[in-house]
Amino acid sequence: MDKLTVRKQLTLAFGLLVFLLIGISILSIRSFSNSNASFEQYVTGITARANTAHRVRNAIDMRAVAARNLVLLTKPEELDIEHKHILQAHANVAKNMQHLLQLAQQPGVSDEVRVIINKIDNIEKRYAPVALGIVDLALQKKTELAIIKMNEECRPLLAALVAATDEYFTLTDQRSALILEEDDAQYLLNRNILIGASVLSIVLAALAGWLITRHLLRALGAEPRQLCDAVSLLAGGDLTGKLSVAANDSVSVLSALQRMQVSLTSVVSSVRQDSDTVALAAEEISTGNNDLSTRTEQQASSLEETASSMEELTSTVRKNADNAREANVLATTASDVASKGGAVVGQVMGTMDLISESSRKIVDIISVIDGIAFQTNILALNAAVEAARAGEQGRGFAVVASEVRGLAQRSASAAKEIKTLIDDSVSRVDAGSRLAAQAGTTMSEVVASVARVSNIIAEITMASQEQSAGIEQINQAVAQMDGVTQQNAALVEEAAAAAESLRNQASNLVQTVSIFKTQDRQVVAPARTTAAARASAKPLRMVPASNTVKRQAAPAKPRAVQAQAVTAGDWEEF
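In this text, residue positions in the sequence shown follow the UniProt record's numbering: the first is 1, and each later residue adds one.
I should point out that these hints are in silico values taken from the structure, not numbers from a laboratory.
Some hints here could point you the wrong way.
Derived pair list, reagent style DSS-like, types lysine-lysine, alpha-carbon separation capped at 25 Å [said to hold, decoys possible]:
#1 Lys95 - Lys141
#2 Lys75 - Lys119
#3 Lys75 - Lys142
#4 Lys419 - Lys319
#5 Lys119 - Lys149
#6 Lys119 - Lys95
#7 Lys125 - Lys84
#8 Lys149 - Lys75
#9 Lys95 - Lys125
#10 Lys142 - Lys125
#11 Lys84 - Lys8
#12 Lys125 - Lys149
#13 Lys141 - Lys75
#14 Lys419 - Lys361
#15 Lys84 - Lys95
#16 Lys141 - Lys84
#17 Lys149 - Lys84
#18 Lys416 - Lys361
DEER-style ranges, computed between Cβ atoms [to be verified]:
#19 Met260 - Ile29: 50 to 60 Å
#20 Ala497 - Asn475: 27 to 37 Å
#21 Gln106 - Pro76: 38 to 48 Å
#22 Ala206 - Ala256: 29 to 39 Å
#23 Gly391 - Ser413: 27 to 37 Å
Predicted model only: the values in this text are computed from it and were never measured.
From the three backbone atoms N, C-alpha and C, an ideal C-beta is built for every residue, glycine too.
Sequences and hints are given; from them, build the entire structure.
In structure tokens, the structure reads:
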């Protein structure tokens with residue numbers, strides 16, 4: 001029964017009822033047919049024979065009365081009337097007797113009935129000639145002979161004929177009573193069968209209805225109205241309703257609804273907590289992107305100032321290269337103007353002082369460039385970490401941050417190389433100054449000193465050319481960094497817009513999930529992460545390049561220590 005569907009169960013139950021109704025209808029029709037056949041047999045058989053026998057009896061009686069009257073009457077007209085009555089009665093007796101004999105030959109007539117009818121016919125065949133003989137004697141006016149014949153012959157035969165017809169009537173009455181008894185018995189049997197079939201149908205229908213109702217209630221687990229109310233509560237987002245499920249019930253609809261309610265409660269609680277977490281994370285990302293946008297704008301401003309300083313540095317380096325070339329020309333002609341060596345040495349010393357001062361300025365600028373490259377590297381690293389936290393939306397920003405970091409590293413490397421060259425230039429300028437000072441006191445060695453100075457100036461010229469090329473590369477790198485920073489600013493604005501959209505979507509998700517009612521209605525929002533809180537609370541500060549240019553060059557080793565300290569501090573601050 002459990003494997004049958006509801007449609008099959010109902011079809012089976014109603015099919016059983018239809019089958020029982022058909023069976024009862026067949027039994028009823030059969031019973032009615034039997035009763036009808038019995039009644040038809042009674043009407044067409046016994047009744048027809050009985051009526052015919054009565055007509056025979058009546059005709060015999062009329063013939064006997066007419067014969068008696070014919071003997072007693074004397075008037076001719078009365079005799080004619082009675083004679084006609086006798087002839088008519090005799091004809092009726094013969095006709096009805098013939099009909100009765102034909103009815104006796106029909107199927108279903110008992111032998112006893114046939115014997116009695118044949119007996120009546122035999123007596124009639126003996127009685128009819130006697131009666132007609134009496135009629136003839138009466139018509140011939142032989143009254144005494146007619147009376148004698150009537151008393152001696154006619155009356156015994158008439159009595160036998162009456163007795164035979166009475167016997168037939170008695171048998172017919174008995175047969176009718178028997179048929180009535182059989183019909184009553186058949187009626188009682190049919191009634192009992194119909195009552196039994198009806199009771200059986202009612203019992204089977206009640207049993208089928210009880211089994212189907214029991215199975216449906218077991219399959220549903222509760223009344224359909226209760227299930228409808230439970231589903232309405234679930235559809236309305238109310239997961240706090242209590243569903244009463246039996247202990248051993250695991251397959252009903254109510255049990256499935258309870259499992260679905262538990263599962264939905266778990267899912268909604270998890271989604272609600274996750275949506276709150278996502279909303280908080282989106283808010284932190286939005287705050288971080290806004291801070292990053294501010295820092296990017298500051299970095300762009302600093303890069304613009306750095307580009308302006310680099311242009312000034314490029315102009316100074318070009319002037320140094322021109323001066324180096326002029327010094328080389330002067331060095332080649334110094335041997336011809338040895339007499340004017342003092343004046344030239346003074347000019348050379350002044351020029352060397354300017355070169356030394358310019359070299360120190362270049363060292364300061366290179367230090368600033370190195371610091372900018374280091375800060376850019378740190379910012380690119382911070383941007384890469386923020387992009388990694390942003391996930392799929394920060395992938396493009398991570399690529400840009402990686403490119404910026406690479407450019408910053410190359411700028412730092414170029415700055416270190418330039419610093420090395422400048423240090424070499426400073427040392428050579430110091431050596432030239434010492435040589436120029438010695439040239440003032442040792443004019444006798446002017447020719448040799450001029451040759452050495454010419455070589456040194458040639459090296460300075462080469463170094464200045466290399467320095468000019470390096471500064472040009474730095475200028476291009478700064479220009480690229482400026483463009484990248486502008487792109488970063490645009491990407492940061494897009495990231496901020498995306499973070500704001502994410503925050504709005506997270507807020508919508510929280511509002512959507514809030515329609516569900518669970519047992520633990522309040523979900524604790526996750527705490528803000530320490531790193532994100534510090535990042536939003538302490539934004540990085542950018543130092544303007546114009547102020548950095550004026551700083552004095554620091555020793556190399558303390559500079560490295562300071563860089564390590566800044567790196568550690570930036571990582572902790574990030």
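Evaluated hints:
1. A hinted pair counts as satisfied when its Cα atoms are at most 25 Å apart, and lysine 95 with lysine 141 does not qualify at roughly 29 Å.
2. Annotation: proposed proximity of lysine 75 to lysine 119 is violated, straight-line Cα distance about 37 Å (limit 25 Å).
3. A hinted pair counts as satisfied when its Cα atoms are at most 25 Å apart, and lysine 75 with lysine 142 qualifies at roughly 15 Å.
4. The straight-line distance between the Cα atoms of lysine 419 and lysine 319 is roughly 18 Å, inside the 25 Å bound, and the hint therefore holds.
5. The suggested pairing of lysine 119 with lysine 149 holds, with an alpha-carbon distance near 23 Å, which does not exceed 25 Å.
6. Taking the CA atoms of lysine 119 and lysine 95, the gap is about 17 Å. The hint holds against a cut of 25 Å.
7. Note on lysine 125 and lysine 84: the hinted pairing holds, with a Cα-Cα distance of about 20 Å set against a maximum of 25 Å.
8. Distance hint between lysine 149 and lysine 75 is fulfilled; the C-alpha atoms sit about 22 Å from each other, no more than 25 Å.
9. Between lysine 95 and lysine 125 the alpha-carbon distance is near 13 Å, which keeps this suggested pair within the 25 Å criterion.
10. A threshold of 25 Å between alpha carbons decides the hint, and for lysine 142 with lysine 125 the separation of about 24 Å falls inside it, so the pair holds.
11. Straight-line distance between C-alpha atoms of lysine 84 and lysine 8 comes to about 83 Å, which puts the hinted pair past the 25 Å bound.
12. For the hint linking lysine 125 to lysine 149, the alpha-carbon distance of about 17 Å falls within 25 Å, and the restraint holds.
13. For the proposed pair lysine 141 and lysine 75, the alpha carbon gap of about 11 Å is at most 25 Å, so the pair holds.
14. Taking the CA atoms of lysine 419 and lysine 361, the gap is about 11 Å. The hint holds against a cut of 25 Å.
15. Using a Cα cut-off of 25 Å, the hinted pair lysine 84 and lysine 95 holds, with the two alpha carbons roughly 16 Å apart.
16. For the proposed pair lysine 141 and lysine 84, the alpha carbon gap of about 17 Å is at most 25 Å, so the pair holds.
17. For the hint linking lysine 149 to lysine 84, the alpha-carbon distance of about 21 Å falls within 25 Å, and the restraint holds.
18. With a C-alpha separation of about 15 Å, the suggested pair lysine 416 and lysine 361 falls inside the 25 Å cut-off, and the hint holds.
19. One distance hint, 50 to 60 Å for the beta-carbon pair methionine 260 and isoleucine 29, holds here, with the actual separation near 55 Å.
20. Checked against the given bound of 27 to 37 Å, the beta carbons of alanine 497 and asparagine 475, roughly 34 Å apart, stay inside it.
21. In this structure the hint that glutamine 106 and proline 76 lie 38 to 48 Å apart at CB holds, the actual value being about 46 Å.
22. About 30 Å separates the C-beta atoms of alanine 206 and alanine 256, a value consistent with the hinted range of 29 to 39 Å.
23. Checked against the given bound of 27 to 37 Å, the beta carbons of glycine 391 and serine 413, roughly 32 Å apart, stay inside it.
Taken one by one, the earlier hints fail for this structure at numbers 1, 2, 11, listed in ascending order.
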